[in-house]
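Participant: Below, each chain spelled out in residue letters.
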Amino acid sequence: MRLMRVFAKTLREQRRDLLALGATVAFAPVFVLLYWLFLTSGSTTYSVLVLDQDTPAVLADGSTLDAGSQLTMALREVKYPNGGPLLKVETIGDRAEAEARLRDREAALLLVIPSDFSRAVAGQGDTSGPAPVAFVGDLANPTYSVTSAVVSEVLRGYVGAATGAESAVQAVEQPLAGSSGRTEFENYVPGLLVFAVIMLVFLAAMAIAREVETGTLRRLQITRMNSFDFLGGVSAAIVVVGVIAVILTFAAAVALGFHSQGPLWVAVVVGVVTALGVIGTGLMVACFSRNVTQAYLIGSFPMGFFMFFSGAVFPMPKVKLFELAGHTVGVYDILPPTHAVVALNKVLTLGAGLSDVTYELVALLLLSVLYLAAGVWLFGRMQLRAR
Amino acid sequence: MPDVVLSIDGLTKRYGSLTAVDGLTLEVSRGEILGFLGPNGAGKTTSINMMCGLLKPDEGSVTLEGRAVSAGDADVRTRVGVCPQEVVLWPTLTCIEQLRFIGEMYGLQGGEARRRGERLLDDLDLSEKRDELARALSGGMQRRLNLALALVHDPEIVVLDEPEAGLDPQSRVRVRHYIRSMARKRTVIVTTHNMDEADRVADRVAIIDQGRLLVLNTPEALKASVGEGDVVELTLADAAEAERAKAAVAAVGGLTNVATADDTVKVSAKGAVHVLPAIMDALAGEGLACRDLRLRENTLEDVFIHLTGRRLRE
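As you go down the protein sequences, you meet chains H and F in turn. Mapping of the first sequence onto the numbering used here: position 196 corresponds to residue 196, and the numbering continues sequentially without gaps. Mapping of the second sequence onto the numbering used here: position 83 corresponds to residue 83, and the numbering continues sequentially without gaps.
Because the hints were derived from the structure by calculation, they are not lab data. It is possible that part of the hints are untrue.
To list a few chain H residues with every Cβ distance to chain F over 10 Å, as calculated [claimed, not checked]:
no., residue
1, R12
2, A74
3, R101
4, P130
5, P132
6, R218
7, I222
8, A236
9, V269
10, V319
11, L378
Some but not every residue of chain F turned toward chain H, in silico, with C-beta under 8 Å [stated by the list, open to error]:
no., residue
12, G53
13, W90
14, M105
15, L149
16, G254
17, L255
Examples of chain H residues lying across from chain F (beta carbon under 10 Å, computed) [said to hold, decoys possible]:
no., residue
18, R5
19, K9
20, R210
21, E211
22, T214
23, T216
24, R219
25, Q221
26, R224
27, N226
28, E323
29, L324
30, T328
31, V329
32, V331
If you're wondering where the values come from, they're calculated on a predicted model, not measured in any experiment. The beta carbon of each residue, even a glycine, is placed where N, CA and C say it ideally should be.
Produce the complete structure using the sequences and hints provided.
Facilitator: Shown next as structure tokens:
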């Protein structure tokens with residue numbers, strides 16, 4: 001079967017082009033390692049500066065209350081479920097220096113504790129209003145929102161405990177199945193797995209563009225080989241590389257502390273189906289490429305789209321198009337990796353099984369087949385037909 | 001009646017306002033070696049790309065024993081083996097891997113493709129390089145492997161596009177010998193802009209220029225058509241005097257042809273050495289000086305100059 005011969009030949013060529021192969025399969029595992037190194041405690045530690053201007057208050061029984069110090073201590077004690085610190089708290093004496101560090105994004109938030117904070121907590125404050133505790137920060141800094149929410153909650157909790165005032169409502173956290181106790185590092189892994197597959201767009205486009213560039217495709221055109229043999233064989237070989245990349249990425253993640261909540265084989269199925277769509281995109285890139293350099297340059301566009309609009313790197317807001325069988329279909333849902341990110345997140349983080357990701361898998365499969373068919377059709381017309 | 005294997009009828013290919021091939025019509029007989037001679041850009045490669053179904057003609061047809069050669073008909077298409085002008089190899093496959101792979105793409109079974117590949121490597125002195133990657137071969141070896149890839153499926157018609165281009169003298173002799181050895185077993189079409197290659201290898205030569213077939217015949221008949229005997233080449237000191245020199249020389253008796261090309265006057269004559277003094281006297285009488293003089297036998301280049309007024313390499 002000629003398809004199998006093309007498959008074997010492409011695999012052999014890939015094996016001998018160690019630089020391209022190594023870069024493709026090692027890319028995502030290296031990112032896993034880097035994320036792990038950046039998130040030493042498993043999750044981000046947000047940096048908070050505290051400008052404590054508080055003067056301790058003398059209570060009726062003669063003891064003193066240093067509420068500013070107690071609040072600072074409470075901030076230091078906020079931990080992730082795995083025991084890692086959520087906040088890195090540093091006291092500072094100069095506001096100008098603190099603001100300079102905020103501008104340099106060395107810290108996410110400056111908490112200014114006023115001089116009458118202890119007296120206010122002790123109920124000795126004046127009647128002009130609550131003591132103003134200032135949150136200073138660069139609101140354009142993405143970490144500010146998270147930090148301010150955490151600090152605000154700590155402040156509210158401390159004041160409530162210190163004053164004995166009961167809150168009218170109680171917020172109870174109810175994590176979705178499996179999401180409790182996940183580190184930020186673990187939350188990044190689904191996206192990184194999709195990242196490993198997205199890289200195949202280059203490999204597929206370059207493998208075919210190389211045949212165009214060297215003229216071997218023209219040589220093959222006068223044989224009995226047809227476009228199905230050629231593109232099927234090349235695609236199958238690239239899928240194998242993709243599976244290796246996904247498995248290596250998994251292995252790296254697991255070795256560095258990642259725990260999957262759901263069955264890994266479902267994640268591998270998602271990876272393989274996604275690979276077909278990505279390879280289809282690679283074929284379309286190859287249609288417009290006369291050489292490997294062009295394939296690389298043109299391939300950067302779909303690669304960028306897949307990375308940034310699928311949610312693989314960071315979550316994207318859903319731009320709704322229509323509803324389908326109870327599912328909101330958004331603009332970015334036309335990209336196969338979008339469904340892969342959602343499906344992998346459900347499987348790996350929330351512990352979903354195959355039946356829980358049926359919608360994503362069906363959407364992924366349809367889109368991947370569509371992309372692959374479009375790539376094969378376009379390539380057949382533009383590169384394999386007699387001119 | 002010759003056994004015609006390939007018929008080309010009114011083949012035409014245009015690229016915008018340029019007509020690359022203009023109504024090419026010829027027939028190729030089984031077992032003959034046909035030389036396609038013409039300068040670079042004459043339309044040789046475009047013609048052979050249409051012959052093997054890689055290019056669609058705008059007009060005309062190519063038929064192989066009555067069946068049209070087209071991209072869609074693999075049975076006909078694969079009866080032709082094409083060796084392209086450029087070296088077209090898979091750099092990271094070994095010699096035997098390439099031959100086996102292309103053989104399988106032509107429909108051979110793995111074992112048969114390997115056996116034929118081994119034999120071709122042997123025939124083209126590449127056996128020792130059997131397991132070397134193509135990118136590690138010398139330029140001459142790559143060219144020989146390029147040729148082997150066109151032959152592995154044992155095609156009835158072999159089209160060789162400039163097979164001697166870029167070859168070292170040793171490889172050139174080897175390839176020329178191999179092409180001759182293919183004759184009678186296969187039909188061979190060789191494109192070249194090298195008159196010596198066409199003269200030595202081809203049974204018949206088709207001279208094409210600017211997409212049109214100028215003449216088709218045996219090398220001997222073509223050479224005889226521009227004058228029997230020897231050729232005297234007189235390179236003038238002043239190229240502007242070429243036409244005056246031609247007129248002066250033409251007045252000398254016993255000549256069969258006088259032509260000019262650039263700064264050179266070409267004189268064909270039997271026993272040219274005997275009329276040489278009269279030629280020199282005629283030039284001296286007109287006050288014309290030569291800076292070079294050569295006496296040689298007729299070549300296909302003379303035929304081309306006779307037909308076009310230009311040299312092949314212009």
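Participant: Provide an ascending list of the numbers of those earlier hints which the structure does not satisfy.
Facilitator: 1, 6, 7, 16, 17, 28, 29, 30, 31 and 32
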